[in-house]
Amino acid sequence: MTFLIAGPLDPAAELASFEDRIGDAGAIVTFTGRVRAASGSGNVTSLFLQSHPILTAQGIQNAIDTAHARWPLAASLVRHRIGELGVHDPIAFVATAARHRRAAFLAADFLMDYLKTEAVFWKKEVTATGTAWVEPKDTDYADKARWNNNTETNECTE
Amino acid sequence: MTFLIAGPLDPAAELASFEDRIGDAGAIVTFTGRVRAASGSGNVTSLFLQSHPILTAQGIQNAIDTAHARWPLAASLVRHRIGELGVHDPIAFVATAARHRRAAFLAADFLMDYLKTEAVFWKKEVTATGTAWVEPKDTDYADKARWNNNTETNECTE
Amino acid sequence: MAKLCYFGRLTDVTGTAEEVVGLPPHVSDTGSLVSWLETGRGWTGLLSDRCVRIVVNNEIQDHDIDIRDTDEIGFLPPVGGG
Amino acid sequence: MAKLCYFGRLTDVTGTAEEVVGLPPHVSDTGSLVSWLETGRGWTGLLSDRCVRIVVNNEIQDHDIDIRDTDEIGFLPPVGGG
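Going down the list, the sequences are from chains V, A, E and U.
Mind the numbering: the first sequence is residues 1 to 158 in the working numbering, read in order.
Mind the numbering: the second sequence is residues 1 to 158 in the working numbering, read in order.
Mind the numbering: the third sequence is residues 1 to 82 in the working numbering, read in order.
Mind the numbering: the fourth sequence is residues 1 to 82 in the working numbering, read in order.
These are calculated hints, taken from the structure and not from any lab test.
Heads up, the beta-carbon is just placed ideally off N, CA and C, and yes, glycines get one too.
The reader is advised that the hints may include incorrect statements.
[Claimed, not checked] With a cut-off of at most 35 Å between alpha-carbon atoms, the simulated DSBU-like pairs for lysine-lysine come out as follows:
hint, chain 1, residue 1, chain 2, residue 2
1, V, K144, U, K3
2, A, K144, A, K124
3, V, K144, V, K124
4, U, K3, V, K124
5, E, K3, A, K124
6, A, K144, E, K3
7, A, K144, V, K144
[Said to hold, decoys possible] Chain E stretches covered by chain A per the calculated footprint, using a threshold of three residues with CB under 8 Å from any CB of chain A:
hint, region
8, 2–11
9, 50–61
10, 72–78
Work the whole structure out from these sequences, hints included.
Structure below.
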């Protein structure tokens, strides 16, 4: 499975092909993350996403394995952009399918929290006033911590 | 907004058009419910969904209004099939868009719980051995009850 | 004449989704309508089931309500979508 | 020769994403590599930042580890995707 997409990511096309390979699953949840113009550092005009040649895909595969071990999923899909993105371009697409909706919702939520906080990507925002590398927000870590049994918070945020 | 669809429902096409009307939202969650072949009453060959001429759309609109009052949504979409459906046909499609993913996930989950337990539809399953009207499962009511402040359960299940 | 509408599993018993009937004088509210139909048609317990909701002119009624011979009255068994 | 890879914001300082260098004899583990680079290049605190993870041959190392002149060593600042 190719997780990393250098060209445009098309959520509707991804959903259409995902529907064809989920067997008798009755529930599909998708998440699409898009580049927002309004960011903490101003009006974003473009975004650059860098991945690691080995660790990025390895980490996503581990998160998928964890999700399948935790919830009875019929199928799942993770796609993540790398390279240059424009405003409102889809960055990430996650789809999960299960017999019943609860598992599909929880697994999609879990995978997105992984992508937002632990996945190996570096993100640079380009605004009118310059460029800035973006690191995860505290709210992202708080979301991710919901899935852990401990209350550990990331030690790299203030 | 037309909630009720008598012809085929195409989740990918719905997602594609939804993406075009969500402004600067960074998060889109969709849910697709499909007809499952394996049901409690055997192998389903088709399904018939009946709606009420007034109350069905009115109830969906109320649920959407509640969702928008409760979470900061940029947009939402509900589509529900009526009439005859075959196995694996999409029955329901919900999409929500928000700045951040938490609101989009919660609102989609809430709207699906509404559709599963309170929405005004009657569902008849056709199997090899006959037809059977299906009423909500206890798990559906339990999911719905998560959104209430009280612990009231539906009095029409055993 | 009143219009009666049956939904979902009720139509398996009523045999029809809609019918137009003249209400006799003693059928003046939803309670007496239910009794009259259940007795006259042999539908014992079908419409008086506490899970069957009654709708008069597209408004759900939780209690007995007066009806007139021009009303549209719907009988709704428990719903289940998605 | 060892291959050094810098990711994310580190490249703003290093000016390059990759370089191939010969390690001097006293640079025998990740700790001494970090000191050697920070001192020699004037990158004070850049790589010894506790939030920068060190990867040797694609394995994340939480503690100092011996390195050889043929290894690939990556420096990873905090990540943020989605």
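So, going through the hints one by one against the coordinates:
1. V:K144 x U:K3: Distance of about 33 Å is within 35 Å: holds.
2. A:K144 x A:K124: Holds: A:K144 and A:K124 sit about 22 Å apart, inside 35 Å.
3. V:K144 x V:K124: Between V:K144 and V:K124 the Cα gap is close to 22 Å, so the pair holds against 35 Å.
4. U:K3 x V:K124: holds, 24 Å
5. E:K3 x A:K124: Given that 35 Å is the threshold and the Cα spacing comes to 24 Å, the pair holds.
6. A:K144 x E:K3: With a Cα-Cα distance of about 33 Å, the restraint between A:K144 and E:K3 holds, given a limit of 35 Å.
7. A:K144 x V:K144: Holds - the C-alpha atoms of V:K144 and A:K144 are around 25 Å apart, at most 35 Å.
8. 2–11: holds (count 3)
9. 50–61: holds (count 5)
10. 72–78: Held - the region 72–78 of chain E has 4 residues with a Cβ nearer than 8 Å to chain A, which meets the minimum of three.
The structure meets every hint from the earlier list without exception.
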